[in-house]
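Undergrad: Here is how the chains run, residue by residue.
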Amino acid sequence: MAITILIVDDSKLARIVAGKAINSLQPDWQRIEASNADEALAVVDSQAVDVALLDYNMPGRDGLALAAELRALRPTMPIAVITANTQDEVIARARSLSASFVAKPVTEEALQGFLAGAALRLRAGRK
Amino acid sequence: MAELTDLERDALTELVNIGVSRAAASLRKLVGEQILLSVPSLEVVSQGVAEALIRERETGDLVAVRQDFTGAFSGRALLIFPHITGVQLARAVLGEELDGEELREMEQEALAETGNIILNGCLATMANMLKESLSMSLPQVVHGKGDDLFDLHGQTEAPGPVLFLYINFSVRNRDIRGYIAMLMNLPSILALKSLVNDFIQRVMEDGEQHAS
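Residue numbers (this note's numbering), protein chains in the order written: chain L, 211 to 337; chain R, 969 to 1180.
Possibly wrong hints are sitting among the right ones.
One side of the interface only, derived from the structure: several residues of chain R facing chain L at Cβ under 8 Å [what the hints assert, rightly or not]:
(1) R990
(2) R996
(3) I1003
(4) V1007
(5) G1028
(6) M1074
Derived DEER-like restraints, expressed as beta-carbon distance ranges [what the hints assert, rightly or not]:
(7) L:G323 <-> R:M1172: 22 to 28 Å
(8) R:K1099 <-> L:P269: 39 to 45 Å
(9) L:T286 <-> R:G1112: 38 to 44 Å
(10) R:Q1108 <-> L:D255: 19 to 25 Å
(11) R:V1013 <-> L:P269: 17 to 23 Å
(12) R:S1014 <-> L:E319: 29 to 35 Å
(13) L:S256 <-> R:S1014: 20 to 26 Å
(14) L:D248 <-> R:I1052: 45 to 51 Å
(15) R:G1039 <-> L:S306: 19 to 25 Å
The set of hints was computed from the structure by calculation and includes no laboratory data.
Glycine included, every Cβ here is placed at the ideal spot set by N, Cα and C.
With the hints as constraints, model all of the structure from the sequences given.
TA: Here it is as structure tokens:
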């Protein structure tokens, strides 16, 4: 079964950039986009999502607040928070939610580790 | 003509967001507390409306760090606080142990340095991502009310639209809040639009090359 990844970012351009990087690293994955936390939760509620990539600085609830909500719903889902904001508190909060940290601007190189790790975990979980 | 398309606005907001997020990470090291930022707001408005926006936001005495930038696009960047916040910020940077007199002496320097980290950091990241270079003036600490700080009449030769961009920021566990503002006039908006379009083009092409 194909893996579905949810990309949440208020910037359409940032979603395109992340989508292209994901497409070249994991061309078989299905990509779904959301532009804020509410949309993201509606997507997760209505369809199967295996992996989530969340922008940190968004209007409304930020990516860490969304990560906490997703984590409560899906305890083992691979989640990454994307930001150029490398303050200790932001990274610590992501870690405490068992979320990975990906630097913005998103590049294939930056995403590679997270996606490969997520693929491994999902394969192990499905066995 | 000066209006931005949705994608241009999106890309520019994203560039500013990345710039200011990185700058905040540097400032965090200096003040030792988390810096909280809002999502950037960006508007192309007439000079009169820009002045009104500034007046509405802040009515009391303000202190600001001002840096002008020139290059492919030019403008003015400001880090603005209510006056009392300036002292709090100096204390956060310099430490609690300084007494009143020492603190006052160092306040201007602490403000200038903070402004330099935030404004220079943000603009340098933006310039790099746009593959351009900008020269920044030295930070200048100015006191006054809303529109005095922008000095819009001195900045723009001709009346016309300005790009007005601002981000709220605050420091966790400290009574420090303010905002970052940038202003650019029409020739700079047009130059910036063209650079932003080149940037959009590059990020789109990049993905396609890697995908093939």
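Undergrad: For every hint, state whether the structure bears it out.
TA: The hints, checked one at a time:
A hinted interface residue such as R990 (chain R) counts as satisfied when its beta carbon comes closer than 8 Å to some beta carbon of chain L; here the least separation is about 5 Å, so the hint holds. The interface hint given for R996 (chain R) holds, since its Cβ lies 5 Å from the closest Cβ of chain L, which is under the 8 Å cut-off. A distance limit of 8 Å between C-beta atoms decides the matter here; for I1003 (chain R) the minimum to chain L is near 7 Å, and the interface restraint holds. For V1007 (chain R), the suggested interface contact is upheld, since its CB lies about 5 Å from the closest CB of chain L, less than 8 Å.
The restraint placing G1028 (chain R) at the interface with chain L is violated, with a minimum CB-CB distance near 27 Å, outside the 8 Å limit. At about 24 Å, the closest approach between the beta carbon of M1074 (chain R) and any beta carbon in chain L exceeds 8 Å, and the interface hint on this residue is violated. For G323 (chain L) and M1172 (chain R), the hinted distance range of 22 to 28 Å is satisfied, since their beta carbons lie about 24 Å from each other. Checked against the given bound of 39 to 45 Å, the beta carbons of K1099 (chain R) and P269 (chain L), roughly 29 Å apart, lie outside it.
Between T286 (chain L) and G1112 (chain R) the beta carbon distance is about 55 Å. The supplied range of 38 to 44 Å is therefore violated. Between Q1108 (chain R) and D255 (chain L) the CB atoms are about 52 Å apart, so this pair departs from the stated range of 19 to 25 Å. Between V1013 (chain R) and P269 (chain L) the C-beta distance comes to about 20 Å, which sits within the given range of 17 to 23 Å. Separation of S1014 (chain R) from E319 (chain L) is about 44 Å and departs from the stated range, judged on CB atoms against 29 to 35 Å.
A C-beta distance of roughly 44 Å is found between S256 (chain L) and S1014 (chain R), which places it outside the suggested range of 20 to 26 Å. Between D248 (chain L) and I1052 (chain R), the C-beta spacing of about 37 Å breaks the proposed range 45 to 51 Å. Checking the proposed 19 to 25 Å range against G1039 (chain R) and S306 (chain L) shows it is violated: the Cβ atoms sit about 42 Å from each other.
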